[in-house]
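*Asks:* With the hints as extra help, turn the sequences into a complete structure.
Same order as they appear, the protein sequences are chains X and R. Using our numbering, read the first sequence as starting at 1 and increasing by one per residue. Using our numbering, read the second sequence as starting at 506 and increasing by one per residue.
Bear in mind the hints are in silico, worked out from the structure with no lab data behind them. This list has only true hints and no planted wrong ones.
With the Cβ distance kept under 7 Å, some of the chain R side facing chain X (calculated, not the full set):
id: 1; residue: D583
id: 2; residue: H585
id: 3; residue: E586
id: 4; residue: A589
id: 5; residue: V593
id: 6; residue: V622
id: 7; residue: P625
Glycine included, C-beta positions come from ideal geometry on N, C-alpha and C.
This is what each chain is made of:
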Amino acid sequence: MSDNRREFIAAIDQGTTSSRCIVFDRDGRIVSVGQKEHEQIFPEPGRVEHDAAEIWANVQEVVAEALDKADITRENVRALGITNQRETTLLWEKATGRPVHNAIVWQDTRTDALCRELGRNVGQDRFRRETGLPLASYFAGPKIRWLLDNVEGLRERAEAGEILFGTMDSWVIWNLTGGTDGGVHVTDVTNASRTLLMNLHTLDWDPRICESIGVPMAMLPEIRSSSEIYGEARGVLEGVPVASALGDQQAALFGQTCFSPGEAKSTYGTGTFLLLNTGSQVVNSYNGLLTTVGYRIGDQDPVYALEGSIAVTGALVQWMRDQMGLINSAAEIETLASSVEDNGGAYFVPAFSGLFAPYWRSDARGVIAGLTRYVTKAHIARAVLEATAWQTREIVDAMEKDSGVELTALKVDGGMTSNNLLMQCISDVLDAPVVRPMVAETTCLGAAYAAGLAVGFWPDTDALRANWRRAAEWTPRMEADVREREYENWLKAVERTMGWIEEEK
Amino acid sequence: MARTIQSLERAAAVLRLLAGGERRLGLSDIASALGLAKGTAHGLLRTLQQEGFVEQDPVSGKYQLGAELLRLGNSYLDVHELRARALVWTDDLARSSGESVYLGVLHQQGVLIVHHVFRPDDSRQVLEVGAMQPLHSTALGKVLAAYDPVARSQAMDVERRALTARTVTDPKAFEEVLELTRARGWGSDVEETWEGVASIAAPIHDHRRMPVGAVAVTGAVERLCADGAIQPRLVAAVRDCARAVSRDLGAGRF
Chain X
1 MSDNRREFIA AIDQGTTSSR CIVFDRDGRI VSVGQKEHEQ IFPEPGRVEH
51 DAAEIWANVQ EVVAEALDKA DITRENVRAL GITNQRETTL LWEKATGRPV
101 HNAIVWQDTR TDALCRELGR NVGQDRFRRE TGLPLASYFA GPKIRWLLDN
151 VEGLRERAEA GEILFGTMDS WVIWNLTGGT DGGVHVTDVT NASRTLLMNL
201 HTLDWDPRIC ESIGVPMAML PEIRSSSEIY GEARGVLEGV PVASALGDQQ
251 AALFGQTCFS PGEAKSTYGT GTFLLLNTGS QVVNSYNGLL TTVGYRIGDQ
301 DPVYALEGSI AVTGALVQWM RDQMGLINSA AEIETLASSV EDNGGAYFVP
351 AFSGLFAPYW RSDARGVIAG LTRYVTKAHI ARAVLEATAW QTREIVDAME
401 KDSGVELTAL KVDGGMTSNN LLMQCISDVL DAPVVRPMVA ETTCLGAAYA
451 AGLAVGFWPD TDALRANWRR AAEWTPRMEA DVREREYENW LKAVERTMGW
501 IEEEK
Chain R
506 MARTIQSLER AAAVLRLLAG GERRLGLSDI ASALGLAKGT AHGLLRTLQQ
556 EGFVEQDPVS GKYQLGAELL RLGNSYLDVH ELRARALVWT DDLARSSGES
606 VYLGVLHQQG VLIVHHVFRP DDSRQVLEVG AMQPLHSTAL GKVLAAYDPV
656 ARSQAMDVER RALTARTVTD PKAFEEVLEL TRARGWGSDV EETWEGVASI
706 AAPIHDHRRM PVGAVAVTGA VERLCADGAI QPRLVAAVRD CARAVSRDLG
756 AGRF
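*Replies:* Written out as structure tokens, the structure reads:
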């Protein structure tokens with residue numbers, strides 16, 4: 001039984017491992033979820049690809065699944081929002097809609113050498129002032145260049161306007177709105193800010209940088225805001241406005257309703273992404289963070305953000321389980337760590353592939369420091385959790401240094417938020433409250449919110465804030481002198497990771 | 506000497522025989538090794554197979570020890586695992602009921618709170634993870650005692666102190682409360698632990714349908730009750746949540 005008076009917003013999350021569609025009601029509560037994983041293609045070490053045709057088929061499937069589970073039709077859906085894995089790069093034929101190559105996934109490192117070459121004598125900060133990003137293999141621009149260089153005849157066709165570029169938001173929106181039959185070729189400011197091709201100040205493609213990287217501007221999508229009607233959907237959702245697009249981390253910032261400068265969210269998964277709202281200010285980072293667009297609602301001023309990522313957080317717990325065999329499940333790390341009062345003097349710096357923000361030392365490797373006869377596996381478990389907490393502290397410190405904004409509270413989401421000891425530990429080392437919201441799916445929720453705003457389903461961001469509910473809050477319990485001493489010890493341990501890998505001779 | 510049960514002795518002999526090395530045995534090998542009729546041996550094996558203690562190779566038809574035996578010695582469910590599995594469902598329960606949600610397990614003759622979701626009204630609340638609640642008076646405790654024999658014997662043994670005028674302390678009356686809880690599948694506490702506070706709880710089962718914990722909503726008695734009775738809407742929400750968590754832990758539908 002479907003009821004035409006019931007109204008919902010649907011959000012598509014085109015992620016790295018799966019595509020999902022979640023239907024939300026007006027209170028921001030989850031009504032139904034459709035989900036399907038897609039294949040991870042590893043053609044050779046360091047290369048990761050996705051089949052974009054498979055992804056589009058899955059997206060259609062999960063939308064139908066979510067509507068079906070909610071027992072609603074397109075008439076009950078007021079708008080559709082998109083959030084996506086960032087930076088993953090696809091080129092396709094405008095005339096046929098056929099991808100010319102698999103999508104190159106953000107983790108793929110094939111453009112490492114190209115990025116060094118593009119840095120020339122300036123180095124990886126060559127485009128940082130304009131784009132907020134270092135020249136690194138994650139970002140889309142160099143991936144486009146690689147495809148143009150390596151797929152036969154592609155450059156000529158791109159220059160002739162026969163080939164379209166897009167991150168996964170563009171691909172999904174183009175197909176949703178009709179594909180070869182009038183599909184719109186757009187991207188949003190947050191996704192465009194991860195290409196290395198957009199100027200953060202003008203929010204437009206930078207012709208000089210496009211030229212330097214070697215990307216013909218004819219193939220680039222139009223940059224639009226994160227919250228506006230791009231077009232109407234065809235197919236299952238015939239006529240439903242496609243009304244938002246946000247990169248996944250920015251969507252989480254939006255879903256956590258971090259709408260004021262100084263508000264920050266941290267998503268704890270395999271790795272961790274921390275974003276701080278810096279308002280209308282483009283804050284240049286001198287401490288190894290990224291400057292990015294947080295979101296832009298319609299023709300309002302853009303809201304910028306600083307982003308810091310930690311490569312190894314949940315991955316360290318997995319390592320304790322899979323490589324060390326000290327625990328049977330990820331959740332058991334808390335049981336083991338809780339069996340002792342403190343770390344017993346041990347510190348674990350998981351610089352498995354070097355140190356990232358704020359150090360950026362590729363010559364570093366992981367260490368466990370401070371070992372004595374006294375230390376047990378339980379102390380190591382505790383050190384594992386503390387490593388995530390201290391790394392969060394380092395990012396937060398760098399953000400405060402760059403922005404001059406002091407963090408008042410940290411909103412958290414992601415799988416690791418079920419770890420009570422870890423959340424307490426983060427609050428202790430930050431000396432700030434850590435807050436978990438009631439809806440764990442903040443990424444999809446952010447896309448739904450932005451779409452709902454665009455069609456007037458919600459009147460303004462205040463209405464969204466009113467939907468936000470605190471599920472748990474951890475407040476600092478650590479004495480200041482203990483915190484200082486522990487931080488010093490952590491920093492000493494970090495120092496011991498550096499210089500392990502010697503320069504290649 | 507007390508009477509022993511012959512079929513159990515025979516079942517034990519079958520398990521010992523199969524544990525005797527890395528081997529699979531056919532029905533006639535087992536029957537002749539134990540001096541049993543084939544039909545008797547087959548009955549034993551089928552029963553053991555149903556319980557998961559024995560597995561039959563689909564190709565050769567031979568028998569070996571089952572995975573369930575390994576789990577017997579390692580049956581404890583990590584409470585942090587329980588919290589991780591329950592997170593989404595308990596959030597949803599807090600939102601739909603508008604009340605705070607607790608997840609409790611049996612611990613040292615009381616209820617240990619392993620997860621707590623705030624009441625969704627933006628008021629200042631303190632996380633109560635790690636706190637202990639009494640076994641005999643709370644909805645969580647009564648549900649644990651009703652379903653888990655260990656909890657039941659502890660609840661019968663402890664001093665059931667009258668915390669309010671409504672606390673049930675008499676052993677016979679308490680047994681009746683447990684029976685009622687089992688019969689209807691949920692437990693309640695209306696001002697039996699704290700004045701002005703009511704609570705509704707339902708059991709969480711693991712993949713073997715063992716009771717591993719309980720989930721409860723707790724709030725002001727005037728919100729949880731209407732006309733002196735627990736609101737059926739809230740009972741249904743709590744039971745739905747408990748079932749969803751149980752399903753995530755691998756318990757079948759029941």
